[in-house]
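Undergrad: Sequence:
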Amino acid sequence: MQVKHLLLIAILALTAACSSKEVVDENLSEVELYQQAQQDLDNNSYTAATAKLKALESRYPFGRYADQAQLELIYANYKNTEPEAAKSAAERFIRLHPQHPNVDYAYYLKGLTSFDQDVGLLSRFLPLDMTKRDPGAARDSYNEFAQLTSRFPNSRYSPDAKQRMIYLRNLLAAYEIHVADYYLTRQAYVAAANRGRYVVENFQETPSVGDGLAVMTEAYQRLHLDDLAATSLETLKLNYPNHPTLVDGQFVPSVDEADNRSWLSKATLGLIESRPPLPPGETRANQDVQRQFRDAKEAIPNDLKPKDENGDVIEEENHEAEGNNSDRSWFSYMTFGVFD
Numbered sequence: 001m002q003v004k005h006l007l008l009i010a011i012l013a014l015t016a017a018c019s020s021k022e023v024v025d026e027n028l029s030e031v032e033l034y035q036q037a038q039q040d041l042d043n044n045s046y047t048a049a050t051a052k053l054k055a056l057e058s059r060y061p062f063g064r065y066a067d068q069a070q071l072e073l074i075y076a077n078y079k080n081t082e083p084e085a086a087k088s089a090a091e092r093f094i095r096l097h098p099q100h101p102n103v104d105y106a107y108y109l110k111g112l113t114s115f116d117q118d119v120g121l122l123s124r125f126l127p128l129d130m131t132k133r134d135p136g137a138a139r140d141s142y143n144e145f146a147q148l149t150s151r152f153p154n155s156r157y158s159p160d161a162k163q164r165m166i167y168l169r170n171l172l173a174a175y176e177i178h179v180a181d182y183y184l185t186r187q188a189y190v191a192a193a194n195r196g197r198y199v200v201e202n203f204q205e206t207p208s209v210g211d212g213l214a215v216m217t218e219a220y221q222r223l224h225l226d227d228l229a230a231t232s233l234e235t236l237k238l239n240y241p242n243h244p245t246l247v248d249g250q251f252v253p254s255v256d257e258a259d260n261r262s263w264l265s266k267a268t269l270g271l272i273e274s275r276p277p278l279p280p281g282e283t284r285a286n287q288d289v290q291r292q293f294r295d296a297k298e299a300i301p302n303d304l305k306p307k308d309e310n311g312d313v314i315e316e317e318n319h320e321a322e323g324n325n326s327d328r329s330w331f332s333y334m335t336f337g338v339f340d
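Residue numbers (full-length UniProt numbering): 1 to 340.
Don't read these hints as lab results, they were simulated from the structure. Take these hints with a grain of salt, some might be off.
Said to hold, decoys possible - Derived BS3-like pairs: lysine-lysine, alpha-carbon spacing no greater than 25 Å straight-line:
#1 162 x 54
#2 54 x 79
#3 307 x 297
Construct the complete structure from the given sequences, taking the supplied hints into account.
TA: This is the structure:
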């Protein structure tokens, strides 16, 4: 059955490819071409209509139907699922006829083409989350609708464009939150905080603002930026008290803190720690530099060390100020005296 289905799809594709090469009668007048193109549009024969509209425009560039043919060519390409051709036709009409009384229709179709560009065959039949897909077409559609509403606020297409802009704005904000959540799982807390702040600052009045505050709170907590985390949390509690991350008034992170222990420590349930945990502000590189310095210092022969009048080795001046190292605990050694 699968082979039969594939053959059927191939035959339909070949048939569509062959039917797209329609020959337009050269003896048709301007009026006849326009009337036949209108009939094709009414019959949903958009490929045939596109061919006739292109012939009309090329044969009668200064005729009475030339401008209307260019407008309807945008619509025919849009309905024929040819977004690039529709955009190109719309941009061409806007460039050639910026003062045309129906130029707002070209702006509207241009935005509508980008709006529907992501709605392909799979997304029509499968429950895909559009907020997790590439927002390039959605961003283009939002900008094109914004041009329409700003240049032609009284256009009959502006109300529909504004409603679509609200949807697109919510979609773009949700996409930013998905990216921020990914950064949290990858422990890229600075990038996550920046994404959350971007949503809060640029997508006000969208449902994702509360999610942006939650991302900022979690990222700042992981970075030990307590003041910023507290400010974000208070804003979240004040404006979104029912947010899913707030349980009984307490913030619950959406991503568990990563376990950065070594495989040996995990396998032995922490009984064998290959390397001690890092204190706040400390890095492995800094520890390695300090260890190399101590090793090099201990490797200096006694003959090269400074001596007093009695021939005894002179210890460093700060050695006495630091106290007797023999009395320091193992925790003090591990943290280099940070918590002494």
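Undergrad: Determine for every hint whether it applies to the structure shown.
TA: Okay, the hints, checked on the actual structure:
Annotation: proposed proximity of residue 162 to residue 54 is violated, straight-line Cα distance about 32 Å (limit 25 Å). For the hint pairing residue 54 with residue 79, the CA-to-CA distance comes to about 16 Å; that is within 25 Å, so the pair holds. For the proposed pair residue 307 and residue 297, the alpha carbon gap of about 16 Å is at most 25 Å, so the pair holds.
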